[in-house]
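*Asks:* Work out the full structure: start from the sequences and follow the hints.
Just so you know, the protein sequences line up as chains D and E, in that order. Straight run, no breaks: the first sequence in numbering that gives the first Met the number 0 ends on number 136. Straight run, no breaks: the second sequence in numbering that gives the first Met the number 0 ends on number 141.
The set of hints was computed from the structure by calculation and includes no laboratory data. Be a bit skeptical, because a hint or two may be false.
What follows is a list of derived Cβ distance ranges for each label pair [what the hints assert, rightly or not]:
| # | chain 1 | residue 1 | chain 2 | residue 2 | range |
| --- | --- | --- | --- | --- | --- |
| 1 | D | D63 | E | D76 | 44 to 52 Å |
| 2 | E | G68 | D | L33 | 29 to 37 Å |
| 3 | D | L58 | E | V40 | 25 to 33 Å |
Glycine included, each C-beta is placed from N, C-alpha and C at the ideal position.
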Amino acid sequence: MRALSGLLLGLLFGTGLLISGMSDPMRVLGFLDLFGEWDPSLAFVMGGAVLVATPLYALAQRRDKPLLDACFVLPAAARVDSRLVLGSALFGIGWGLAGYCPGPVLTALGFGIREPMVFFGAMLAGSQLARGLLPPR
Amino acid sequence: MNIQDYLPALFGGGLIGLAAGLLLHLNGQVAGISGILNGAVDPGRSDRGWRWTFIGGLVLAGLIANITGSLRFTPHDSHPLWLLACAGLLVGAGTRIGNGCTSGHGVCGLARFSRRSLTATLTFMAAGFATVFLARHVLGGA
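*Replies:* Structure, rendered in structure tokens:
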């Protein structure tokens, strides 16, 4: 059941990414181009997402467990540390270079063009490299 | 600026939020794509099933949109491969180190009122803005 739920929700999430334009790296770069021809679309995407997710999150967490599993898997860390800031900065730079982040690039794999495939491969490599180099918390 | 221009963005965002909310409610998981992917690929995991089907769903959505020709934009290769590789490496490493991305921190983290996620979101946004500014307006690239 968890796998089926995963599939359907992945489809839903991906559809949202595609309809919103977030799967289009040029649109993302247009949002990040504050001093150029600024395209505020992404603000509406994130705004819409957070607007819907917030009450759903509140509702879900009133339960003692999710519907299909034994417990919620939520991030345990609470402190803002240098790892968080460094990682986010690196991510933001990479994002600003090509306009892709993990979700959109996965939908883009369905486009049959080369760019997302190269990005995706490098992304996996970067993640595994960092995992290998990171000291445990 | 016409509000109608931004309705797809708002609606698509709503679908993203809905998917995230349902993933928490049903599977008890945060819809942070970098985390889902890492958990699918990393050795020693016992919960790969839903991760791979979720990832499959994302790819399938793109494939269906591509096949049905319903994309409003024309996906095309527009950056040199070396740049894509660098960008990918940075995104992969950065999301690992920072423990999240636009969906994990920017949507789910904010939905949970997480201070860590707010910091992360502001940081990657600032880094993104700065990078595009440098690339487009200082170095004169695209």
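*Asks:* None of the hints should be skipped; say for each whether it holds.
*Replies:* A quick look at each hint next to the structure:
1. About 49 Å separates the C-beta atoms of D63(D) and D76(E), a value consistent with the hinted range of 44 to 52 Å.
2. Between G68(E) and L33(D) the beta carbon distance is about 33 Å. The supplied range of 29 to 37 Å therefore holds.
3. At about 31 Å, the CB distance of L58(D) to V40(E) agrees with the hint of 25 to 33 Å.
Hint check: no violations occur; every hint is consistent with the structure.
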